[in-house]
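Undergrad: We have chain A; now place chain B onto it with these hints.
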Amino acid sequence: MILLLIFLGLLALVLIDVPIAVALGIVAVAALGITSGVEALPNVALVLFDGATKFPLIAIPLFILAGAIMNASGISGRLIAFASALFGFVRGGLAMVTIGTSLFFAEISGSAVADVAALGSILIPAMRRKGYPTAFAAAVTSSASTLAVIIPPSIPMILYAVMSGSSVIELFVAGIIPGVLGGLLMMVVAYVVSVRHNFPVEEVFELRRVGTTFKEAGWALLLPVIILGGIFGGWVTATEGAGLAVVAAIVIGGLIYRGLDGGRLRAAMTEAGAQTAIVMLLVATSALLGDYLTVAQVPQQVAQGIIGLTDDRLLILALLNVFFLVIGLFLHSAAAIILVVPIVMPLVHAVGIDPVHFGLVVTLNLGIGQQTPPVASVLVTACSIAKADIWEVSKANLPFIAVLLAMLLMVTYIPAIPMSLVNLFYR
Amino acid sequence: MLPRIRRAFERSLETITLALMASLVLVVVVGVVFRKAGTSLVWYDEVASILLAWLTYYGAALAALKRSHIGFPKLIETVSPKLRRVLTLLRDVGVIGFFALTAWAGWRVLLVLEGSYLVSLPWAPSRLTQSVIPLGAALFIAAELLKAVEISTPPASPRGGVERP
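Protein sequence lines, in the order shown, are assigned to chains A and B. Following my numbering, the numbering of the first sequence begins with 1 at its first residue and continues without gaps. Following my numbering, the numbering of the second sequence begins with 1 at its first residue and continues without gaps.
Possibly wrong hints are sitting among the right ones.
Here are a few chain A residues that face chain B, going by a calculated C-beta distance under 10 Å [unchecked claim]:
hint: 1; residue: V14
hint: 2; residue: V18
hint: 3; residue: A21
hint: 4; residue: A23
hint: 5; residue: F49
hint: 6; residue: D50
hint: 7; residue: T53
hint: 8; residue: L57
hint: 9; residue: G183
hint: 10; residue: E240
hint: 11; residue: I390
hint: 12; residue: L421
Just so you know, the hints here were simulated from the structure itself, not pulled from any lab data. Cβ coordinates follow ideal geometry from the N, Cα and C atoms, glycine included.
If we strip away everything but chain A, and leave its shape as in the complex, we get (with noise of 0.2 Å):
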């Protein structure tokens, strides 16, 4: 009943405009003011400062400037001519470079609304002079950003980390294998449809191109391997290896390329600044309204509703990705983890799910519902880039949703597509 009343009330205020984080902080106060009083009012202010005060979440501020650093530097439009040269001959061509960079933006910046926001402003008015139509341009640059929160590093994953005490190295590598896989089966859709509508081939290969874009883009590509080797290798921390990846970024675009001066980097670092506050304070209401849930002992009785239903491992991660889907719809990533995910541990320990192999599962399941309407930033993004109708944007993204469809039941029911390299390396 308290947590209709909750949903609710969020719903309603959501819909008035009032923005998510603010919504959940209200009706977190709410709850909190009717069921322990007006004396309980100032803990408040202590549960919003130390929400945002956890130490692991320092790696998304900086993360995030590692990306804003790289595209001020213009580091995308390097990335673009390297995937141009590699997959653009093939029929479709842009919608095919459009992943590909995408896959090798996500492993920079860690973040699906810095990856649409980067390169949905190069590439959809691309696709759009070459004759795409604009809402399957805005629907494959904001898809295939969304392999950004699935290949490392990713901030969902930093938040599912905490919030559930895994390890984040070993989430981040868990992400690998449906990352590319996501990338390649995204590039199959583009090209059934690129047939399909006979959409232009961009250019023929060539050797030689490949060659010359992959030199000057070199620097860059180096990024990740510095970024995911520090941190892999155990090396550095995630943190340690978010402040190396901002340290590269300013060696690489401004020393390298030449690309940085300081204005840039300031404008860079107020934009990383801001992102950060927008995620940070979804995370710090979250974080209240989670602390009442708790309180209430909602995650205890959610898991005994559910095990009274079934105590089967495969219906229950049916259910929780039917339950993630629905959150996804209304909840950004970020405040659906940490309200979600310490609601659904005591079931996910009770009933044997690797806490690594759920964290993909939820991971994926938010990745979607940063693709479905209402609650869906990176589909915003995409479409206020575009200037393109969020509907007709949905319908054109169905066969890209699809795809993560697909991918998430493989991740569920395939439990090695996501684990055989954690336990390679780690177990």
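TA: Only chain B this time, still in chain A's reference frame:
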């Protein structure tokens, strides 16, 4: 007058956000260097976490001024102008009310924290670090009010009230 106040406010918030972001990067990088050199800094974790909280709330005010927080404006855009005014007023009251309560709660906490200091930096008062909650909430309210006035004020038309095309 209002655009000048807004610009000055925006620049101040941008400067604070920039400084906090730069400090956070510096602290993390210095922390890594010292750890690798075998002399870990005792204050590294605590200071970095506090910087993140400061970045969260000062940056949130900047994002509020730019109306960048994630929301769902589609419904409100489709209703009649009269209903839109009512719903927008409700929205503003909700947002400002929440941050007014947060500012009050933050102020109460500051009163309680008198004489308390950070664990790793015993000379730094906890009041200083926690001050971000009432201050950040007040700045968020100011940003919301400025934006609300800006949205409700028709843009000044150039040369004697001629509408721009």
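Undergrad: Now, for every hint given, state plainly whether the structure supports it.
TA: Hint check results:
Given the 10 Å rule on beta carbons, the hint for A/V14 holds: about 5 Å separates it from the nearest Cβ of chain B. Hint on A/V18 holds. Least Cβ distance to chain B is approximately 5 Å, under the 10 Å limit. Look at A/A21: its Cβ gets to within about 6 Å of chain B, closer than 10 Å, so that hint holds up. Annotation: A/A23 was flagged as interfacial toward chain B, and the flag holds, the nearest CB pair being 8 Å apart, inside 10 Å.
Because the smallest distance between the Cβ of A/F49 and any Cβ of chain B comes to about 6 Å, under 10 Å, the interface hint for this residue holds. Evaluation of the A/D50 hint against chain B yields a held restraint, the C-beta minimum of about 9 Å falling below 10 Å. At about 4 Å, the closest approach between the beta carbon of A/T53 and any beta carbon in chain B falls short of 10 Å, and the interface hint on this residue holds. Given the 10 Å rule on beta carbons, the hint for A/L57 holds: about 6 Å separates it from the nearest Cβ of chain B.
Annotation: A/G183 was flagged as interfacial toward chain B, and the flag is violated, the nearest CB pair being 26 Å apart, outside 10 Å. Taken as an interface hint, A/E240 checks out: its beta carbon lies about 5 Å from the nearest beta carbon of chain B, inside 10 Å. For A/I390, the suggested interface contact is upheld, since its CB lies about 7 Å from the closest CB of chain B, less than 10 Å. Here the hint on A/L421 is broken, as its CB sits about 26 Å from the closest CB of chain B, past 10 Å.
When the structure is compared with the earlier hints, violations turn up for hints 9, 12 and for no others.
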